[in-house]
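Add chains B and C to chain A, keeping to what the hints say.
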Amino acid sequence: MNSDANKTIFSSYNKNVQLFDEVFDSNGVAKNVYQKLLELYGNHSIQDYVQLNNKAKASFFNQGITFQVYDNKMTQEKIFPFDLFPRIIDEGEWEIIEKGAIQRSKALNLFLWDIYHDKKIIKDGIVPLDLISSSANYLHQMIGVDPPGGIYNHISGTDIIKHSDGNYYVLEDNIRCPSGVSYVICNRTALKRALFGVFNHYKTHSVTNYAENLLEILESVKPKGVDIPNCVVLTPGMHNSAFYEHSYLAKAMGVELVEGRDLFVENDFVYMKTIRGPIKVDVIYRRVDDLFIDPLEFKPESALGVPGLFAAYRKGNICLANAPGTGVADDKAIYTYMPQIIKYYLDETPILNNVHTYHCSRPDELNYVLEHIHELVIKPVDEAGGYGISIGNRLTKNEIKVVQQEIKQNPRKYIAQPIMSLSVHPTYIDDSESFEQRHIDLRTFTLLGNEKEFVLKGGLSRVALKRGNLIVNSSQGGGSKDTWVLKK
Amino acid sequence: MLARVANNLFWMGRYIERAEHVARYLNVNYFSSLDAPNELSQSRQFVLRSMMFLVGEPIGDDSIELKEEDILYNIGLNPLQPYSVINNVKSARENANSARDLISTELYESINKFYHFVINYSVADFTKKGLYDFTVNVTEMTAILRGKIRGTLLHDEVYAIIMLGINLERATQVIRIINAKYNDAVKAKGSYGDQIGHSFEWITLLKCVESYDMMRRYYKKTPTSISTLEFLILNPDCPRSVINSINQVHKHIRVLDESKTPNKNSTAFLISKVKGEYDYKFAEEIEEDIQGFIEKILNNLVQISLKMENEFFNY
Amino acid sequence: MSFEYSITYIADNEYENPVENASWQFLIVPENNDTQELIRVDINNSLGVKNEFSENGYGFRTIRINTQENFQKLNFKATFILKKINHNPFREVPVFNIPSNYELVQSLGFRVDFEPFLGQSKFTTLPQSSNNLFVLDPTQSIFDNLQKLNLWVYRFIKFTTGVTHVNTLLDEIIENPKGVCQDFTHLFCALARSNRIPARYVSGYLHQGNGYFGDSQMHAWAEAYVPQMGWVGFDPTNNLLADDNHIKVAHGKDFNDCSPLKGVVYSRGANKTSHSVEVRSQQ
Numbered sequence: 001m002n003s004d005a006n007k008t009i010f011s012s013y014n015k016n017v018q019l020f021d022e023v024f025d026s027n028g029v030a031k032n033v034y035q036k037l038l039e040l041y042g043n044h045s046i047q048d049y050v051q052l053n054n055k056a057k058a059s060f061f062n063q064g065i066t067f068q069v070y071d072n073k074m075t076q077e078k079i080f081p082f083d084l085f086p087r088i089i090d091e092g093e094w095e096i097i098e099k100g101a102i103q104r105s106k107a108l109n110l111f112l113w114d115i116y117h118d119k120k121i122i123k124d125g126i127v128p129l130d131l132i133s134s135s136a137n138y139l140h141q142m143i144g145v146d147p148p149g150g151i152y153n154h155i156s157g158t159d160i161i162k163h164s165d166g167n168y169y170v171l172e173d174n175i176r177c178p179s180g181v182s183y184v185i186c187n188r189t190a191l192k193r194a195l196f197g198v199f200n201h202y203k204t205h206s207v208t209n210y211a212e213n214l215l216e217i218l219e220s221v222k223p224k225g226v227d228i229p230n231c232v233v234l235t236p237g238m239h240n241s242a243f244y245e246h247s248y249l250a251k252a253m254g255v256e257l258v259e260g261r262d263l264f265v266e267n268d269f270v271y272m273k274t275i276r277g278p279i280k281v282d283v284i285y286r287r288v289d290d291l292f293i294d295p296l297e298f299k300p301e302s303a304l305g306v307p308g309l310f311a312a313y314r315k316g317n318i319c320l321a322n323a324p325g326t327g328v329a330d331d332k333a334i335y336t337y338m339p340q341i342i343k344y345y346l347d348e349t350p351i352l353n354n355v356h357t358y359h360c361s362r363p364d365e366l367n368y369v370l371e372h373i374h375e376l377v378i379k380p381v382d383e384a385g386g387y388g389i390s391i392g393n394r395l396t397k398n399e400i401k402v403v404q405q406e407i408k409q410n411p412r413k414y415i416a417q418p419i420m421s422l423s424v425h426p427t428y429i430d431d432s433e434s435f436e437q438r439h440i441d442l443r444t445f446t447l448l449g450n451e452k453e454f455v456l457k458g459g460l461s462r463v464a465l466k467r468g469n470l471i472v473n474s475s476q477g478g479g480s481k482d483t484w485v486l487k488k
Numbered sequence: 001m002l003a004r005v006a007n008n009l010f011w012m013g014r015y016i017e018r019a020e021h022v023a024r025y026l027n028v029n030y031f032s033s034l035d036a037p038n039e040l041s042q043s044r045q046f047v048l049r050s051m052m053f054l055v056g057e058p059i060g061d062d063s064i065e066l067k068e069e070d071i072l073y074n075i076g077l078n079p080l081q082p083y084s085v086i087n088n089v090k091s092a093r094e095n096a097n098s099a100r101d102l103i104s105t106e107l108y109e110s111i112n113k114f115y116h117f118v119i120n121y122s123v124a125d126f127t128k129k130g131l132y133d134f135t136v137n138v139t140e141m142t143a144i145l146r147g148k149i150r151g152t153l154l155h156d157e158v159y160a161i162i163m164l165g166i167n168l169e170r171a172t173q174v175i176r177i178i179n180a181k182y183n184d185a186v187k188a189k190g191s192y193g194d195q196i197g198h199s200f201e202w203i204t205l206l207k208c209v210e211s212y213d214m215m216r217r218y219y220k221k222t223p224t225s226i227s228t229l230e231f232l233i234l235n236p237d238c239p240r241s242v243i244n245s246i247n248q249v250h251k252h253i254r255v256l257d258e259s260k261t262p263n264k265n266s267t268a269f270l271i272s273k274v275k276g277e278y279d280y281k282f283a284e285e286i287e288e289d290i291q292g293f294i295e296k297i298l299n300n301l302v303q304i305s306l307k308m309e310n311e312f313f314n315y
Numbered sequence: 001m002s003f004e005y006s007i008t009y010i011a012d013n014e015y016e017n018p019v020e021n022a023s024w025q026f027l028i029v030p031e032n033n034d035t036q037e038l039i040r041v042d043i044n045n046s047l048g049v050k051n052e053f054s055e056n057g058y059g060f061r062t063i064r065i066n067t068q069e070n071f072q073k074l075n076f077k078a079t080f081i082l083k084k085i086n087h088n089p090f091r092e093v094p095v096f097n098i099p100s101n102y103e104l105v106q107s108l109g110f111r112v113d114f115e116p117f118l119g120q121s122k123f124t125t126l127p128q129s130s131n132n133l134f135v136l137d138p139t140q141s142i143f144d145n146l147q148k149l150n151l152w153v154y155r156f157i158k159f160t161t162g163v164t165h166v167n168t169l170l171d172e173i174i175e176n177p178k179g180v181c182q183d184f185t186h187l188f189c190a191l192a193r194s195n196r197i198p199a200r201y202v203s204g205y206l207h208q209g210n211g212y213f214g215d216s217q218m219h220a221w222a223e224a225y226v227p228q229m230g231w232v233g234f235d236p237t238n239n240l241l242a243d244d245n246h247i248k249v250a251h252g253k254d255f256n257d258c259s260p261l262k263g264v265v266y267s268r269g270a271n272k273t274s275h276s277v278e279v280r281s282q283q
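If you're matching them up, the sequences are chains A, B and C in order. Counting from 1, one number per residue, gives the positions in the first sequence under our numbering. Counting from 1, one number per residue, gives the positions in the second sequence under our numbering. Counting from 1, one number per residue, gives the positions in the third sequence under our numbering.
Chain A extracted, bound-state conformation:
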């Protein structure tokens, strides 16, 4: 090691004042909640830190908390990059996030009920009919179906950012099969192991109560006539990239982790095949997409589903969480109507801000977008995982032309938003062996049940590890941080 070894870990932290730093204010002074943390981290040399970091990585790897990457026909196991410097959210800010997340979940649930029943919000002209009729995720089979307990989006993942104005904005609501919650818990475990001396200086909310709350939520939406429901987690199988999470959740809830082939339907009831014969299943937390759950009703080639499952669901003999057809509401075009949706169903003003959105389906807005691509983010409305996103100020002239063409060909498919400046957080970068500013967001996890709701006090702070990159999804090379929500 060279002479750097004795430098403290923040001595070479470069602050770009253009960016909103969550830890340091514009004068370079650490914010209150972080002062103690910086002092404690300051006791470590870079060398110490490198060691701790490597140990934490090895621990993830040995525990098999990995995802698979396909590269050159080889399958490689990789850990989800993890940063040991936590993000802290104080109790005041958290209260806003929590209330805002619940408000959105409830509004979305009412919205889903409405568009699968009376469709009043469309008839009243608040949301255009076209957004539903042209959505691939609007399932006609769900029209008139009453999900047990009246709940559609039992589990929602809301992605929130802090903009350079210091306010939180929602980027999107994920209400199909939002993933990532297992990383929240793993990050906490890894951080506690590595830096236990730091942890006890803060009063931080626990995150390990997620599974018990999830189980309570699932049990609260049991089908009619069931006394003690048998809940299971349905996974596409061990080759799915989120398999670790599926197995973690099943284990933490103490329920079976099933694959489609473990289940069968008889007389519209669902059973699992056990060593002692069939046992009835009442609630399925399914991590299989809508179109794959039942080959007799949806994609016939799906080997992940259960023939007859949807018929059992329509009969009310099984509860699926999330309900089929929720995808229509996490369409990014619906997102832009969230303020109106909240107002319509709850008669409240949104607690969390929406990012202003231009709809390419509206001719005047389309023209604006086509002319201002360089200062906008263009997103396809129906893709998840950060795919298909174009960030205007990163595009060459030719690339802008290509994007313009694509939008013109299918305006309904795109929305555009101003380029938001995500806040930055000090993140340890392996290559430079130092802390650097990196953009972060926050995925929160909200549960909605029959007369029960829960927001995980914490969340996944995702980090865009490439310098200047704004896309934080793990599929795009993002990492994550432990997120501390402080107690009052």
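No wet-lab data here; the hints were simulated from the structure. No residue lacks a Cβ here, since even glycine has one placed at the ideal position from N, Cα and C. A couple of the hints might just be wrong.
[To be verified] Calculated cross-link-like contacts (lysine to aspartate or glutamate; reagent style EDC-like; alpha-carbon spacing at most 20 Å):
no., chain 1, residue 1, chain 2, residue 2
1, B, Lys113, A, Glu77
2, A, Lys31, A, Glu436
3, A, Lys251, B, Glu94
4, B, Lys90, A, Glu77
[What the hints assert, rightly or not] One side of the interface only, derived from the structure: several residues of chain C facing chain A at Cβ under 7 Å:
no., residue
5, Glu20
6, Ser23
7, Glu52
8, Ser54
9, Pro116
10, Pro127
11, Ser194
12, Lys262
13, Val264
Below, chains B and C without anything else, positioned relative to chain A:
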């Protein structure tokens, strides 16, 4: 428990046990042959053929010259050979993955480390200088796994099914090793004027199943064919003996089938029947027709496994 | 006045290699409605497994069979006895208030309520250039216009078997207008919808006593929503309104929602399926 997952646990147990025996067979045969008392037992070709015999690919043609590096690679680290240690470990982990929610974090972590150790082992190192290191590590890691299975799992159905897999596989591997070494002893017969009953191969055999020290303590004499067979097949106190494994299988099946008088078509009934037969066997009887005995008991073990699959793992 | 039909549906499936695990869903049971009443159902399958009654995603009755036994052949036979009430659609035609009918179909509430049957589904998507193939005459009633559409489709496509198959899209039909009842119905639905008239695909049985087109298979026709009348059946393959000879099983956006047999079969190799349908009147 799900039938599919029970099947995964059963096979996880079997693959762990199989990896261990194959690895130890490589180690013991290779290193004890180096200073074996007769020329044939020292011969590379003889040892390599014995290894191939064990993994079920006997080389009949004596004129074929086997290459040491190839054989060691095939049995140790060749991912394309179904019998290789690396494949057994891969399969063990794959089965563990499917049952991950049912096994302890500690056990999973150990299996995972084991897997990464094996798949990252350098092939060049292994075939040139790493045979000892690799095989010792494999056998030690499997010992850790046995400890984690015993110490970090609730002794319920999950445990019973893993133990059924481990013990059925152990009985099978011990029999296969006896078969391989018996075959070696027959070949080595007379090469230094000794009888098959006092062959050097019996010591190797005992070492292959870590039973040499126990055997010496029990008989206080140099092993003979009769005493070795008696010890490895019929001594219920020897933890590697066939009868000990069958007793374990008998004990663990009762967790899955609690009926007092098992149905005559059940796995529990078949296990009791097999156990009854070996409870009253004696070594001389076995030695009379050792080939016939080996075939019969392997067949018994296969039948038990098949019956289990039909009764409990059918999905 | 009413009379009885006896309907026999037979499906034979043969597989090159043994099947280990299979589920089938038959959508072949006549529905009960104002003009028909199911009296008896007899079902047999050669596997001797249970025939379970259930419903598809749109509430129509299905028969499902599951098996885990090895087999290579499945014979399935269903017989239905059905009472049909005599009705003549022309007798029910009201005096139309034409302007208000058109106003209604343009209204948001109407378009929301009938949204599933106004959109373009996989099999009812017209090539861009063909949206104006048939345009309604606003001076005439919707009912009259739809009858003209019925005739138009009847004349446009030449009834030919063996040219199209269950996955044929309208692009091919427009280019080479030959096909069977399924293609007639898809084209009718597509053109009705492009004129903002809700239309749905109907599958069922046709009594062929009168020499109508539609061989010994299940038949398909369309239902369109006519203000003041409700859903009215149009059979463009025969240029008829659906009547006593049309026995409805199910409806949906297109064939996808009404496929009489869906199966999930775990087997390798080829398979042969043959269906046959016989409808007899028992007056």
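We went through each hint and held it up to the structure:
{"no.": "1", "hint": "B:Lys113 - A:Glu77", "result": "13 Å, holds"}
{"no.": "2", "hint": "A:Lys31 - A:Glu436", "result": "17 Å, holds"}
{"no.": "3", "hint": "A:Lys251 - B:Glu94", "result": "18 Å, holds"}
{"no.": "4", "hint": "B:Lys90 - A:Glu77", "result": "14 Å, holds"}
{"no.": "5", "hint": "Glu20", "result": "11 Å, violated"}
{"no.": "6", "hint": "Ser23", "result": "4 Å, holds"}
{"no.": "7", "hint": "Glu52", "result": "6 Å, holds"}
{"no.": "8", "hint": "Ser54", "result": "4 Å, holds"}
{"no.": "9", "hint": "Pro116", "result": "5 Å, holds"}
{"no.": "10", "hint": "Pro127", "result": "16 Å, violated"}
{"no.": "11", "hint": "Ser194", "result": "14 Å, violated"}
{"no.": "12", "hint": "Lys262", "result": "5 Å, holds"}
{"no.": "13", "hint": "Val264", "result": "5 Å, holds"}
Of the hints listed earlier, those the structure fails to meet are numbers 5, 10, 11, in rising order.
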